[in-house]
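Undergrad: This is what each chain is made of:
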Amino acid sequence: MSAYAATPPRPSLLARSWDLVRRHVLTVYAVLAFTYLLLPIAIVIAFSFNDPAGRFNYTWQGFTLDNWRNWDAVPGLVEAMTLSLQIAAISSIAATILGTLIALALVRYGFRGRSTTNFLIFLPMSSPEIVLGASLLTLFLTLQFATGFLTILIAHVMFNISYVVVTVKARLVGFDRHLEEAAMDLGANEWTTFRKVTLPLIAPGILAAALLSFALSVDDFVITYFNSGSEVTFPLFVWGAARVGAPPQVNVIGTMIFVVALGLMLVNVLLQRRKGST
Amino acid sequence: MSFFHRHRGLTPYLLLAPGLAWLAVFFIAPLGFLAYQSLQSGSFDFGYEFTWAWDNYRDAISTYHEHLIRSFIYAGLATVLALLVSYPLAYWIAFRGGRWKNLLLLAIIAPFFVTYLIRTLAWQSILSDNGYVVETLRTLHLLGEDGRLLATSTAVVAGITYNFLPFMALPLYVALEQIDPRLIEAAQDLYASKLQAFLRVTLPLSLPGVFAGTLLTFIPAAGDFINAQLLGTPRQHMIGNVIQSKFLELIDYPAAASLSFVLMATILIGVILYARVLGSERLTG
Numbered sequence: 004m005s006a007y008a009a010t011p012p013r014p015s016l017l018a019r020s021w022d023l024v025r026r027h028v029l030t031v032y033a034v035l036a037f038t039y040l041l042l043p044i045a046i047v048i049a050f051s052f053n054d055p056a057g058r059f060n061y062t063w064q065g066f067t068l069d070n071w072r073n074w075d076a077v078p079g080l081v082e083a084m085t086l087s088l089q090i091a092a093i094s095s096i097a098a099t100i101l102g103t104l105i106a107l108a109l110v111r112y113g114f115r116g117r118s119t120t121n122f123l124i125f126l127p128m129s130s131p132e133i134v135l136g137a138s139l140l141t142l143f144l145t146l147q148f149a150t151g152f153l154t155i156l157i158a159h160v161m162f163n164i165s166y167v168v169v170t171v172k173a174r175l176v177g178f179d180r181h182l183e184e185a186a187m188d189l190g191a192n193e194w195t196t197f198r199k200v201t202l203p204l205i206a207p208g209i210l211a212a213a214l215l216s217f218a219l220s221v222d223d224f225v226i227t228y229f230n231s232g233s234e235v236t237f238p239l240f241v242w243g244a245a246r247v248g249a250p251p252q253v254n255v256i257g258t259m260i261f262v263v264a265l266g267l268m269l270v271n272v273l274l275q276r277r278k279g280s281t
Numbered sequence: 285m286s287f288f289h290r291h292r293g294l295t296p297y298l299l300l301a302p303g304l305a306w307l308a309v310f311f312i313a314p315l316g317f318l319a320y321q322s323l324q325s326g327s328f329d330f331g332y333e334f335t336w337a338w339d340n341y342r343d344a345i346s347t348y349h350e351h352l353i354r355s356f357i358y359a360g361l362a363t364v365l366a367l368l369v370s371y372p373l374a375y376w377i378a379f380r381g382g383r384w385k386n387l388l389l390l391a392i393i394a395p396f397f398v399t400y401l402i403r404t405l406a407w408q409s410i411l412s413d414n415g416y417v418v419e420t421l422r423t424l425h426l427l428g429e430d431g432r433l434l435a436t437s438t439a440v441v442a443g444i445t446y447n448f449l450p451f452m453a454l455p456l457y458v459a460l461e462q463i464d465p466r467l468i469e470a471a472q473d474l475y476a477s478k479l480q481a482f483l484r485v486t487l488p489l490s491l492p493g494v495f496a497g498t499l500l501t502f503i504p505a506a507g508d509f510i511n512a513q514l515l516g517t518p519r520q521h522m523i524g525n526v527i528q529s530k531f532l533e534l535i536d537y538p539a540a541a542s543l544s545f546v547l548m549a550t551i552l553i554g555v556i557l558y559a560r561v562l563g564s565e566r567l568t569g
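Sequences listed follow chains A and B, in order.
Sequential numbering of the first sequence, starting at 4, is according to our numbering.
Sequential numbering of the second sequence, starting at 285, is according to our numbering.
Everything labelled a hint here was simulated from the structure, so no lab data went into it.
We treat Cβ as the ideally placed atom computed from N, Cα and C, and that holds for glycine.
A hint or two may mislead.
Short derived list, chain A residues pointing at chain B, Cβ under 10 Å [unchecked claim]:
no., residue
1, 32
2, 50
3, 123
4, 138
Stretches of chain B that chain A covers, calculated by requiring three or more beta carbons in the stretch to come under 8 Å of a beta carbon on chain A [as the list claims (entries may be wrong)]:
no., stretch
5, 297-305
6, 350-359
7, 368-377
8, 426-439
9, 457-466
A few chain A positions that, by computed beta-carbon distances, are all more than 10 Å from chain B [as the list claims (entries may be wrong)]:
no., residue
10, 79
11, 120
12, 130
13, 145
14, 176
15, 204
16, 222
17, 238
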């Protein structure tokens with residue numbers, strides 16, 4: 004930033020120095036920004052191999068594989084992870100079905116109330132999580148509905164629907180409707196056309212939506228925190244553990260989640276690249 | 285199938301019904317219950333009753349205006365910082381990324397693959413009193429002998445910035461990527477300097493991305509309580525911390541509900557004003 008102040012206000016020199024700034028400083032800046040983005044991830048992975056002296060896994064004490072070997076040694080951690088995976092699996096399937104149906108309606112049909120529907124889909128994504136969590140809790144409190152597994156599930160389906168709609172819609176918009184018309188011309192009815200033509204074509208979008216909602220579900224803390232009752236998901240376990248010093252096994256699980264998610268995304272990027280090159 | 289043929293106009297509504305019903309019951313209705321709760325009075329032991337207790341709002345604002353203001357200052361700072369970090373980065377990927385664009389983009393959203401709480405805990409260890417960052421800053425005398433980073437506003441704002449940065453970077457990238465480079469070339473052919481071309485062509489065309497990114501960052505940031513909890517002290521607590529503890533620890537539902545509404549209303553008004561300002565700027569720019 005000080006480079007601008009130092010240059011005299013002659014336009015050609017300003018332009019030339021701007022060019023120089025753009026060519027090199029931008030690259031340096033990008034490298035620094037990437038370091039900032041990736042440093043904490045490196046820390047998480049590194050500290051999964053740490054051999055902490057006390058309760059706090061803050062400072063590097065020495066390399067060990069023990070945390071990975073005994074990843075399930077911390078009481079409650081495996082149960083929490085299992086619960087998170089169960090909820091993510093069920094809620095992502097439910098949200099994917101509900102959201103895909105909405106996306107189909109929004110893209111394929113003109114109907115009264117379309118813009119209201121769009122707004123309703125947009126609203127949960129643009130509300131602070133704490134308000135979503137708190138308001139859902141007031142519903143359960145008022146109806147005297149005990150919070151637990153079922154209420155976490157309800158909450159996760161709720162916040163995932165919008166993300167599914169947006170993801171599937173993106174895929175449907177670029178879709179060639181002539182393919183469906185061709186199937187109908189060849190005598191297929193609406194349902195057969197949907198099953199044999201539409202569904203296979205939008206399947207990648209549906210899969211992406213399912214994976215996204217699975218990931219959002221596993222990661223969610225705030226809304227779950229309000230509606231979990233006595234159940235403990237993985238993020239809730241980390242929250243509880245953080246108060247007394249999180250064990251390095253938390254980093255082990257964190258690293259596992261990171262590697263799986265990154266792997267899936269890498270496969271996706273590579274597939275897209277191959278599709279682009281043919 | 286014959287049912288569908290006879291009632292074709294119904295099909296979209298049948299497709300919408302299950303999903304929208306879910307949102308109506310578990311998203312819209314709860315907001316109504318929250319409003320109802322916010323106007324109740326009483327106590328946890330004797331039960332709460334609906335009494336049109338508007339005082340809850342007055343009390344909430346007069347007691348917690350500091351937290352509210354702090355939330356918006358922190359969220360605003362974090363949004364500006366995220367914009368300053370992301371814009372050049374998104375620009376660099378969009379115009380210099382070449383065939384690596386998708387992979388670089390993946391690196392930007394990589395933080396999202398680490399559980400939110402775990403990456404915040406990572407910042408706790410990075411900024412901790414005997415960490416390298418604090419030690420280096422002390423050696424350089426940028427920080428006093430017993431100066432700290434953890435448990436300060438700086439740490440909380442840094443944490444919020446980090447945690448919501450991909451929300452800023454992605455829409456910026458999408459907007460910048462869509463810009464036709466020929467427009468920038470045309471500006472330069474018409475004797476605009478590179479700086480002028482950037483200010484008159486690239487920047488205005490990227491404003492939709494700036495708009496989306498700032499909203500996507502600011503809204504969750506204003507309601508956040510995790511960063512203030514893990515990286516700050518009660519002196520850095522935000523409105524989210526108050527709502528959370530009122531709801532789940534102090535069991536003061538009416539106060540918590542009215543605070544939630546104040547938060548949401550303030551955000552909504554802010555967003556509308558912001559949309560007006562940026563909208564008119566785009567017209568005149």
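Undergrad: Now tell me, hint by hint, if it's right for this structure.
TA: Here's how the hints hold up against the structure:
no.: 1; hint: 32; in the structure: 5 Å, holds
no.: 2; hint: 50; in the structure: 7 Å, holds
no.: 3; hint: 123; in the structure: 6 Å, holds
no.: 4; hint: 138; in the structure: 4 Å, holds
no.: 5; hint: 297-305; in the structure: holds (count 6)
no.: 6; hint: 350-359; in the structure: violated (count 0)
no.: 7; hint: 368-377; in the structure: holds (count 7)
no.: 8; hint: 426-439; in the structure: violated (count 0)
no.: 9; hint: 457-466; in the structure: violated (count 0)
no.: 10; hint: 79; in the structure: 15 Å, holds
no.: 11; hint: 120; in the structure: 6 Å, violated
no.: 12; hint: 130; in the structure: 7 Å, violated
no.: 13; hint: 145; in the structure: 5 Å, violated
no.: 14; hint: 176; in the structure: 15 Å, holds
no.: 15; hint: 204; in the structure: 17 Å, holds
no.: 16; hint: 222; in the structure: 6 Å, violated
no.: 17; hint: 238; in the structure: 5 Å, violated
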